[in-house]
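Whole structure, please, built from the sequences with the hints as guidance.
Number of protein chains: 2
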Amino acid sequence: MKIGIIGATGAVGRQMLECIEERKISAEEIRLFASERSAGKTIPYKDGVLTIQTVKEGCFDGLDYVLGAVSNALSKQYRPLIKAAGAVYIDNSSAFRLEDDVPLVVPEINGEDALKHNGIIANPNCSTIITYMALAGIHKLSPLRKVTATTFQAVSGAGIPGLNELTEEIRAIEKGEEVSPSVFPAQIAYNCIAEIGSYTENGYTTEEMKMQNEGRKILHDPSLQVTCTCVRVPVYRSHSISVVFETEDLLAQEDILQALKEQEGVVLCEDHVPTPLETSNQDLVYVGRIRKDLTSEKGFALWCCGDQIRKGAASNAVDIMEYLEKQNNMI
Amino acid sequence: MKIGIIGATGAVGRQMLECIEERKISAEEIRLFASERSAGKTIPYKDGVLTIQTVKEGCFDGLDYVLGAVSNALSKQYRPLIKAAGAVYIDNSSAFRLEDDVPLVVPEINGEDALKHNGIIANPNCSTIITYMALAGIHKLSPLRKVTATTFQAVSGAGIPGLNELTEEIRAIEKGEEVSPSVFPAQIAYNCIAEIGSYTENGYTTEEMKMQNEGRKILHDPSLQVTCTCVRVPVYRSHSISVVFETEDLLAQEDILQALKEQEGVVLCEDHVPTPLETSNQDLVYVGRIRKDLTSEKGFALWCCGDQIRKGAASNAVDIMEYLEKQNNMI
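Chains as they are written, first to last, in our numbering: chain D, 53 to 383; chain G, 53 to 383.
FYI, nobody ran anything at the bench for these hints, they're computed from the structure.
Any given hint could turn out to be false.
[Unchecked claim] When the alpha-carbon atoms are kept at most 16 angstroms apart in a straight line, the in silico EDC-like pairs for lysine to aspartate or glutamate are as follows: (1) D:Lys-192 with D:Glu-314; (2) D:Lys-350 with D:Asp-307; (3) G:Lys-344 with D:Glu-70; (4) G:Lys-227 with D:Glu-220; (5) G:Lys-227 with D:Glu-226; (6) D:Lys-350 with D:Glu-316; (7) D:Lys-76 with D:Glu-377; (8) G:Lys-192 with G:Asp-301; (9) G:Lys-168 with G:Asp-152; (10) G:Lys-344 with G:Glu-377; (11) G:Lys-54 with G:Glu-377; (12) G:Lys-192 with G:Asp-307; (13) D:Lys-108 with D:Glu-88; (14) D:Lys-344 with G:Glu-253; (15) D:Lys-227 with G:Glu-226; (16) G:Lys-128 with G:Glu-109; (17) D:Lys-227 with G:Asp-301; (18) G:Lys-76 with G:Asp-301.
As structure tokens, this is what we get:
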């Protein structure tokens, strides 16, 4: 298996490589791509290093998979090159997620969609992956009708610059110095910012609408109604989501707990409340605080946390690649 | 006017005194009470200082008002003494909030309830005050039927020890030292903890149930349904709440905006998203992100922030006292 990673020096790109190493995926070759600025630099891998290259004509030739952790603009620019090379592109950007012939995949939920790809498979939004990992097993018991979600999103959702901005602000405040935010629209240290993404016509942000639009596609349910509020919080890694949901049928709380226990990739916390700190640097989604919604007969509330650089991005992309490989080898 | 403050050395008690000074309330006498440990210490007030005393038989004699910022247990212990002294007790604890003959008051919402007191008036829970300040004007247009709320609660909700724990943890982490939480159930620095209060039978915490039970009493609407998730975040002051609500009638967004503009004590933010940092150290509740709920025809979503030590506690208690004084002087 020959794998390329574009955006290899970013938070998600680095994590993709770590994930490949951690899982001992036997790759015959790994090519790392990043901007001109990083070209020639090396990144440790196993006992040696890999050298960063820039994207140019023919650079993807011979690769089986390209994992993408670049902006929408770059993803659009690179897609034809990857297609021409005949590699399968697993893209973490949101550029193609809602295109009809592009599967949007969380392997534990709708892995089989990945098999219908046409050269490109999209990785869903980070909060979306974590939320539906928590809801997918319940959705199988009875279809979700309504979801109300409020997210607590870590600064690393804005990549390494987001991580650095929080650290620098905390240090500046400690020294009594002025804080001048550049990554986030306001100071994020000791603050919460209910504004992630740009505004759409209905007053929701692009980030908030992903929870509905991508959720519908992952669950194959175009009638699913979702209202979401996305909030940035001063946490380094792992997003948390407060979710209230309603299913078509009246479910028993025990059935919901059982569905969560059986859901691959999910840890049901019955003895404590999961926190973003606890779920950082690992691949599982932790779910707790399951209780009846007090405003709807068929509703329940829960709280879930997961590392959005891992399961919310890098690990999910690698999961998709492994899912395809497994299917290919079975055929 | 002669005023006593019990719990005068805590975060809320100190703020009560500051609020009295700031508003230039002409008090003939102010008596500060705290524990044995603080007795004899002084607190600056105007050009001089006030000396802390302990609570003992007769200590409230001659006072018109006692503002309380003590635990439920102490509040229960002191209530008979305050009653015996004939002072009006404005209590920030939750000990008496739901008792039938104790008004639960936010002056801008249900000030007239304060007039029916029987010696004691309760100050609602902090998140509850801020949330219903944002919703009260809308409730007047059409009664609220359902409220789904997720709170982002500052560490000062746990008083000065909460403030100190966040600072100490941030410093320990910077030095690479171990963190050992004692105020909160887990590390709060760079973390979110969806567990405030103790658990009730239905799986909600006492803090979460206040949003429904106290909301019903403040709005005089026992049928109001509320589902709440309370989350502690690493913010020093000001709670924020992500709210989705449904009214009995279908309201127009412009009418909701108008109601918010007209609501005393509320700032409608149309040009930016309010943050807890921005709303710290002042008395108004800021409301933004008003948009249609995508899951309910008669629903809307909003985001509100307010300083929970001030309007969420101390200032609201002083507001109640001023409301009563104004009414007394008008009679």
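Verification of the supplied hints:
Between Lys-192 of chain D and Glu-314 of chain D the alpha-carbon distance is near 11 angstroms, which keeps this suggested pair within the 16 angstroms criterion. Restraint check: the Cα-Cα separation between Lys-350 of chain D and Asp-307 of chain D comes to about 13 angstroms, which is no more than 16 angstroms; the hinted pair holds. Among the hinted pairs, Lys-344 of chain G with Glu-70 of chain D is inconsistent with the structure: their alpha-carbon atoms are about 42 angstroms apart, more than 16 angstroms. A distance of roughly 15 angstroms separates the Cα atoms of Lys-227 of chain G and Glu-220 of chain D; the hinted pair therefore holds under the 16 angstroms criterion.
Proposed proximity of Lys-227 of chain G and Glu-226 of chain D is supported: the alpha carbons are some 13 angstroms apart, at most 16 angstroms. Using a Cα cut-off of 16 angstroms, the hinted pair Lys-350 of chain D and Glu-316 of chain D is violated, with the two alpha carbons roughly 24 angstroms apart. Proximity of Lys-76 of chain D to Glu-377 of chain D is assessed by CA-CA distance (about 14 angstroms); at most 16 angstroms being required, the pair is judged to hold. As the CA atoms of Lys-192 of chain G and Asp-301 of chain G are separated by approximately 11 angstroms, the hinted pair is consistent with the 16 angstroms bound.
In summary, the hint linking Lys-168 of chain G to Asp-152 of chain G is supported, as the alpha carbons are separated by about 11 angstroms, within the 16 angstroms threshold. As the CA atoms of Lys-344 of chain G and Glu-377 of chain G are separated by approximately 40 angstroms, the hinted pair breaks the 16 angstroms bound. At most 16 angstroms may separate the alpha-carbon atoms for a hinted pair to count; Lys-54 of chain G and Glu-377 of chain G meet this at roughly 12 angstroms. A distance of roughly 11 angstroms separates the Cα atoms of Lys-192 of chain G and Asp-307 of chain G; the hinted pair therefore holds under the 16 angstroms criterion.
About 11 angstroms separates the Cα atoms of Lys-108 of chain D and Glu-88 of chain D, which keeps this hinted pair within 16 angstroms; it holds. For the hint pairing Lys-344 of chain D with Glu-253 of chain G, the CA-to-CA distance comes to about 11 angstroms; that is within 16 angstroms, so the pair holds. Of the supplied pair hints, the one linking Lys-227 of chain D and Glu-226 of chain G holds, its CA atoms being roughly 13 angstroms apart against a limit of 16 angstroms. In summary, the hint linking Lys-128 of chain G to Glu-109 of chain G is supported, as the alpha carbons are separated by about 15 angstroms, within the 16 angstroms threshold.
Under the criterion of a C-alpha separation no larger than 16 angstroms, the hint pairing Lys-227 of chain D with Asp-301 of chain G is inconsistent with the structure, at around 52 angstroms. Distance check on the hinted pair: Lys-76 of chain G and Asp-301 of chain G sit about 43 angstroms apart at the alpha-carbon level, beyond 16 angstroms; violated.
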